[in-house]
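Enquirer: Based on the sequences and whatever the hints tell you, model everything.
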Amino acid sequence: MPNFIMSYLDPKVAGTPGGAGNQFWALIYVLIIFAGVSTAVICMNWLERKALAHFQVRLGPMRVGPHGLLQPIADALKLMLKEDIIPAEADQFVFWVAPLIGLLAAFTVYTVIPFGPSQAVSDMNIGILFMLGVSSLGVLGIVVAGWASNSHYPLIGALRSSAQMVSYEVAMGLAVVSAILMTSMNASGTGTLSMIEIVRAQQQQGVWFIFKFFPLGFIAFAIFAIAMVAETNRAPFDLAEAESELTAGFHTEYSGLRWSLFMLAEYAAMIAVSSIAVTLWLGGWMRPFPNLLHAPAWDFIFSLFPGLTFGGLAAITFIGVVRMSAQSFFKIQRIGLAVFAALLGLLALVLLVIAIAGRSADTSVAARFREGIDYVYWFVLKVAVFMYLFIWYRATWPRYRFDQLMKIGWKVMLPISLGVLMLTAIVGVILS
Amino acid sequence: MSGYKDDSTNVSNGALSGPDRSHLDGFTPGLENPDKTYLDSNELIINMGPQHPATHGVLRVILKLDGEKVLGTECVIGYLHRGVEKIAENRTYTMFNPYVDRMDYCAAVSNGLGYCEAVEKLLNVEAPARAKYIRVILTELNRIASHQLWLGTHALDIGAMTPLFYTFRDREEILKIFEKYCGARLTTHAFRIGGCQYETYAGFEKDVKNFLTFFAPKIDEYETLLTTNRIWLERTRNVGVISAADAIALGVTGPVLRASGVKWDLRKAQPYAAYSDFDFEIPIGTNGDTYDRYLVRMEEMRQSMRIVEQAVNAIPEGPIMGKVPKVIKPPVGEIYHSIEAPKGELGYFIVSDGSTQPYRIRVRPPSFVNLQALDIMVRGLLVADVVAVIGTIDIVLGEVDR
Amino acid sequence: MVPITTVHYLVVAAALFVLGVIGVLTRRNVVIVLMSIELILNAVNLNLVAFSRMWGNLHGQMFAIFIVVDAAAEAAAGLGILIAFFRNKETVNVDEIDLLKW
Amino acid sequence: MNPALNSALNPGMTPVATPWFFYVLAGLAVLSGVAVITRRNAVHAALALIVTLLSVAGLYLMLYAPFVAGVQIIVYAGGIMVLFLFVIMLVNIERASKDRRFNRIWPVGLAASCALMALFVSAIVKGSHINDMFRDRGIPLPESSNTQQIADLLYGQAGKMGPYTFAFEIASLLLLVAILGAVIMTKKKI
Chain Y
119 MPNFIMSYLD PKVAGTPGGA GNQFWALIYV LIIFAGVSTA VICMNWLERK ALAHFQVRLG
179 PMRVGPHGLL QPIADALKLM LKEDIIPAEA DQFVFWVAPL IGLLAAFTVY TVIPFGPSQA
239 VSDMNIGILF MLGVSSLGVL GIVVAGWASN SHYPLIGALR SSAQMVSYEV AMGLAVVSAI
299 LMTSMNASGT GTLSMIEIVR AQQQQGVWFI FKFFPLGFIA FAIFAIAMVA ETNRAPFDLA
359 EAESELTAGF HTEYSGLRWS LFMLAEYAAM IAVSSIAVTL WLGGWMRPFP NLLHAPAWDF
419 IFSLFPGLTF GGLAAITFIG VVRMSAQSFF KIQRIGLAVF AALLGLLALV LLVIAIAGRS
479 ADTSVAARFR EGIDYVYWFV LKVAVFMYLF IWYRATWPRY RFDQLMKIGW KVMLPISLGV
539 LMLTAIVGVI LS
Chain G
2 MSGYKDDSTN VSNGALSGPD RSHLDGFTPG LENPDKTYLD SNELIINMGP QHPATHGVLR
62 VILKLDGEKV LGTECVIGYL HRGVEKIAEN RTYTMFNPYV DRMDYCAAVS NGLGYCEAVE
122 KLLNVEAPAR AKYIRVILTE LNRIASHQLW LGTHALDIGA MTPLFYTFRD REEILKIFEK
182 YCGARLTTHA FRIGGCQYET YAGFEKDVKN FLTFFAPKID EYETLLTTNR IWLERTRNVG
242 VISAADAIAL GVTGPVLRAS GVKWDLRKAQ PYAAYSDFDF EIPIGTNGDT YDRYLVRMEE
302 MRQSMRIVEQ AVNAIPEGPI MGKVPKVIKP PVGEIYHSIE APKGELGYFI VSDGSTQPYR
362 IRVRPPSFVN LQALDIMVRG LLVADVVAVI GTIDIVLGEV DR
Chain C
7 MVPITTVHYL VVAAALFVLG VIGVLTRRNV VIVLMSIELI LNAVNLNLVA FSRMWGNLHG
67 QMFAIFIVVD AAAEAAAGLG ILIAFFRNKE TVNVDEIDLL KW
Chain L
26 MNPALNSALN PGMTPVATPW FFYVLAGLAV LSGVAVITRR NAVHAALALI VTLLSVAGLY
86 LMLYAPFVAG VQIIVYAGGI MVLFLFVIML VNIERASKDR RFNRIWPVGL AASCALMALF
146 VSAIVKGSHI NDMFRDRGIP LPESSNTQQI ADLLYGQAGK MGPYTFAFEI ASLLLLVAIL
206 GAVIMTKKKI
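Chains as they are written, first to last, in our numbering: chain Y, 119 to 550; chain G, 2 to 403; chain C, 7 to 108; chain L, 26 to 215.
Hints in this document: simulated from the structure, not taken from any laboratory. What you are looking at is a predicted structure, and each value in this text was computed from that prediction instead of being measured. It is possible that part of the hints are untrue.
Using 27 Å as the maximum straight-line C-alpha spacing, the simulated DSS-like pairs for lysine-lysine come out as follows [unchecked claim]:
no.: 1; chain 1: Y; residue 1: Lys-525; chain 2: L; residue 2: Lys-212
no.: 2; chain 1: Y; residue 1: Lys-168; chain 2: G; residue 2: Lys-219
no.: 3; chain 1: L; residue 1: Lys-212; chain 2: C; residue 2: Lys-95
no.: 4; chain 1: G; residue 1: Lys-87; chain 2: G; residue 2: Lys-122
no.: 5; chain 1: G; residue 1: Lys-269; chain 2: G; residue 2: Lys-210
no.: 6; chain 1: G; residue 1: Lys-324; chain 2: G; residue 2: Lys-122
no.: 7; chain 1: L; residue 1: Lys-212; chain 2: Y; residue 2: Lys-529
Expert: If you want it as structure tokens, here you go:
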């Protein structure tokens with residue numbers, strides 16, 4: 119039934135596939151997102167190892183593929199083929215199911231993340247509430263994994279992690295509420311919990327919420343940015359898996375594929391919380407200055423960015439090819455890197471062609487593609503900044519101690535976020 | 002856990018004052034009432050080590066925990082015991098010299114210096130001035146290398162990954178000098194009884210001076226990473242506090258003692274080698290906490306650079322070997338000689354029966370003695386602090402177990 | 007397929023309620039008894055929300071939200087009592103909780 | 026235009042999802058409910074309860090109550106159940122897992138529950154078939170503004186109190202009391 123399949127590409131239909139009840143496209147979106155997030159996690163794996171290595175005056179993976187580009191694939195293969203050990207005294211069923219809980223929680227969140235005004239699986243009326251709720255389910259996987267391992271280090275890691283995530287959720291939730299409060303600063307005085315509507319509210323009010331009521335929006339954003347690091351168990355709040363204290367915390371007893379599922383869940387959760395931050399405070403899919411520079415010419419200029427970015431990456435890769443040692447030992451690596459550069463260049467070319475083809479007509483398929491690419495590009499770019507920050511934190515800071523973590527969560531972040539919430543409400547009432 | 006005795010190590014109930022435990026808010030780890038804990042459920046007894054990322058080798062610490070709080074610890078050592086002292090009884094004095102390098106393998110040069118000087122004292126010979134200067138240069142370089150290793154691993158234990166790679170990058174330069182001088186990087190066997198075996202290679206002074214100019218900004222680089230880092234401050238300040246009285250009573254030496262405010266450094270107190278010729282300060286701390294120990298060691302690296310600079314500028318010409326007989330046969334007697342190794346007082350007690358082999362050698366390793374302070378330092382703190390304190394004591398298990 | 011009506015939801019809610027009651031009346035472990043109470047509360051909530059849809063107003067949903075609040079309070083207090091009890095008696099079985107004071 | 030899009034454009038009493046979803050969710054809820062009361066291990070029971078809670082949240086979504094569903098997930102599954110798991114880990118369940126599962130009077134309890142079940146069945150049968158009490162009133166309940174309407178009920182529209190504002194404040198007081206009570210009961214020294 120081509121009608122059923124094509125219905126979503128019809129430019130007259132607005133809304134997300136889930137919202138429009140279009141189950142076929144919703145399923146396609148779910149698959150795209152699953153594949154996309156998995157790929158992003160793999161890229162993130164490579165990027166983290168390389169970036170961390172360069173922070174630390176070393177090279178990182180260099181052997182598997184040119185500049186270690188194939189390293190994540192090799193890692194994934196290794197982890198899949200590795201023996202999956204379940205300790206004899208462990209609770210078999212719970213041990214088996216724990217990583218899946220974390221993974222499910224991390225991936226379910228993506229159903230409401232808006233990569234664009236209609237580039238989301240579903241636009242739920244309670245989007246942000248759903249997101250916070252489901253991402254808080256991830257802690258169950260960790261707690262249960264620590265318990266099921268039937269070993270002391272994982273148990274301590276699990277207890278730490280549950281206390282940590284529960285207490286940082288409070289500050290996180292309050293910061294989110296102050297952003298939601300800002301959505302109601304319009305003529306009708308009605309706010310929204312829908313992720314798409316939150317971005318639209320920023321567009322209507324002409325300001326990203328990070329700059330709204332400066333510095334209130336910024337403080338709320340900072341609270342969220344700190345809490346989300348704690349929420350995802352990353353350095354400097356990685357107490358649940360503190361290597362030097364608890365060997366590996368809650369996943370000490372895990373190995374092979376099951377362990378890699380934990381890692382997948384962790385990185386997926388990182389991307390998910392970064393997406394929340396981007397949606398709530400950094401304008402989601404919007405390009406910079408959508409209201410100030412709204413002429414079609416500006417639209418065209420900004421739509422060139424995706425192509426130019428990939429072009430730049432291709433150029434950097436090509437410089438890498440040229441600079442690579444000419445020894446015959448590196449011949450295959452050189453060819454591989456050149457092919458990679460060519461692929462990137464091709465991608466850049468395709469993106470540029472789409473941008474140019476879709477520049478004028480608003481209803482053509484090319485224009486819709488151009489728009490969609492634009493939205494996803496800006497969204498992903500903003501998320502990528504957060505991903506880089508995660509790596510940067512890890513390279514820079516020592517780890518907090520458990521009591522200090524709790525102190526910061528309850529005695530610093532909670533009062534500040536409460537204060538920001540009240541001030542936002544007061545300022546909003548005064549200004550409206 | 003069998004073999005775990007809680008009362009044996011409780012120094013604080015005895016003559017010593019013990020660290021300030023006011024942060025325990027009323028909860029006393031109950032030796033009087035060992036079954037009562039926070040939740041009144043059973044305590045958690047966990048084995049930290051012998052295979053654990055943060056115990057610096059094969060130290061095994063049995064931790065008695067109440068949740069995260071440490072009620073008591075017991076160190077189980079001996080996993081790296083090689084019987085170095087016993088081996089000495091079956092080796093000649095010269096043959097035993099390389100063995101001492103294997104004790105504190107992070108500061109092998111200091112070990113060799115202590116042993117050679119002890120035997121020289123027993124033989125009643127003295128190394129020539131040039132040899133003494135070379136010894137000082139190499140020993141101080143080795144002190145810097147040892148402190149670098151300590152800094153990297155200590156920071157890694159507390160969760161900062163990056164300093165480890167910075168310090169290893171810079172330690173490499175020192176190891177290169179060692180390699181050029183004597184062919185070995187880690188267990189150098191740099192000195193011989195009576196002086197040095199090797200004359201310095203051409204360009205030794207230049208290399209050392211290059212290193213000094215190279216390294217001065219690097220210390221500042223480490224300090225920018227850590228010294229004013231808020232998390233680092235919170236993790237190290239008031240952690241693992243040991244008072245001067247406790248430290249002295251436990252026999253703690255080295256930077257751990259000096260951080261508690263005791264100005265005791267054998268290089269000044271009883272100068273050996275050529276240390277009396279040089280002008281340097283002894284950094285001391287005030288609180289005796291982990292942060293003070295960190296600062297003391299950082300400052301010690303700077304002072305070592307000062308010493309090296311003075312020594313390399315004033316290195317005299319002359320022979321490098323004293324008048325030592327081919328076969329070393331010390332007179333009957335005994336001798337104790339100690340030097341200031343990077344980790345503290347490294348002493349050698351040698352009993353000679355007049356033969357070519359020592360009758361008995363007893364080593365007083367600084368790590369072994371300092372490790373005793375672990376229990377008193379970590380009681381009432383959290384698990385994460387145990388790791389930090391093990392790091393700050395700066396133990397090397399090769400030296401603890403010998 | 008039969009369209010889903012309010013009655014369907016009522017049947018599910020009744021089943022959950024009875025399961026909860028069975029749990030409360032027969033299990034010994036206090037933790038599981040508390041969980042069974044959560045089952046009962048959920049069954050009630052499901053009924054309220056189903057009726058809310060049936061009548062087409064939101065009062066049932068409001069009640070459901072208040073019951074969730076109540077369940078949170080109940081869980082906190084119940085588990086607090088459980089921990090206090092476990093500290094003194096070293097047991098989590100209801101039929102051993104037979105003293106008013108100890 | 027396909028029928029699915031049609032239904033999205035006129036929000037009414039059309040089902041959010043197919044009946045198929047209902048049966049899956051209801052089955053999951055009841056089956057894991059059974060697991061809750063029969064599992065010997067408290068952690069298994071807690072996991073089963075989480076499945077029940079999430080299925081019930083799904084049923085709420087089908088009943089046009091997305092906000093209640095969100096609250097259910099965030100408070101029940103994310104908060105209360107973590108608390109339960111935490112407590113299960115704190116109290117020593119080694120002994121509890123070897124004990125008898127059911128108390129001595131379990132036949133009585135089961136009989137009473139069966140009687141309750143019979144009561145429910147009769148009530149539902151009577152209500153649906155004889156009095157036709159449970160017919161749909163056909164009043165639309167818009168899903169897209171559910172949260173806003175609940176907010177109106179809770180906080181009131183601009184300037185005046187809603188019907189539940191006072192109750193809401195009381196509920197927060199109840200939570201405060203519960204927190205204080207839990208703290209006092211569990212902490213020995215305050």
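Enquirer: Please work out if L/Lys-212 and C/Lys-95 have their alpha carbons no farther apart than 27 Å.
Expert: holds, 16 Å
Enquirer: Holds or violated: are the alpha carbons of Y/Lys-168 and G/Lys-219 at most 27 Å from each other?
Expert: Holds, at roughly 23 Å.
Enquirer: For Y/Lys-525 and L/Lys-212, compute the direct alpha-carbon distance and say whether it is at most 27 Å.
Expert: holds, 18 Å
Enquirer: Does the alpha-carbon distance linking L/Lys-212 and Y/Lys-529 stay inside the 27 Å limit?
Expert: Holds. L/Lys-212 to Y/Lys-529 sits at ~19 Å (cutoff 27 Å).
Enquirer: Check whether the Cα positions of G/Lys-324 and G/Lys-122 lie no farther apart than 27 Å.
Expert: holds, 13 Å
Enquirer: Check whether the Cα positions of G/Lys-87 and G/Lys-122 lie no farther apart than 27 Å.
Expert: Holds, at about 21 Å.
Enquirer: Straight-line Cα separation of G/Lys-269 and G/Lys-210 no greater than 27 Å?
Expert: Holds, at roughly 24 Å.
Of the numbered hints stated above, none is contradicted by the structure.
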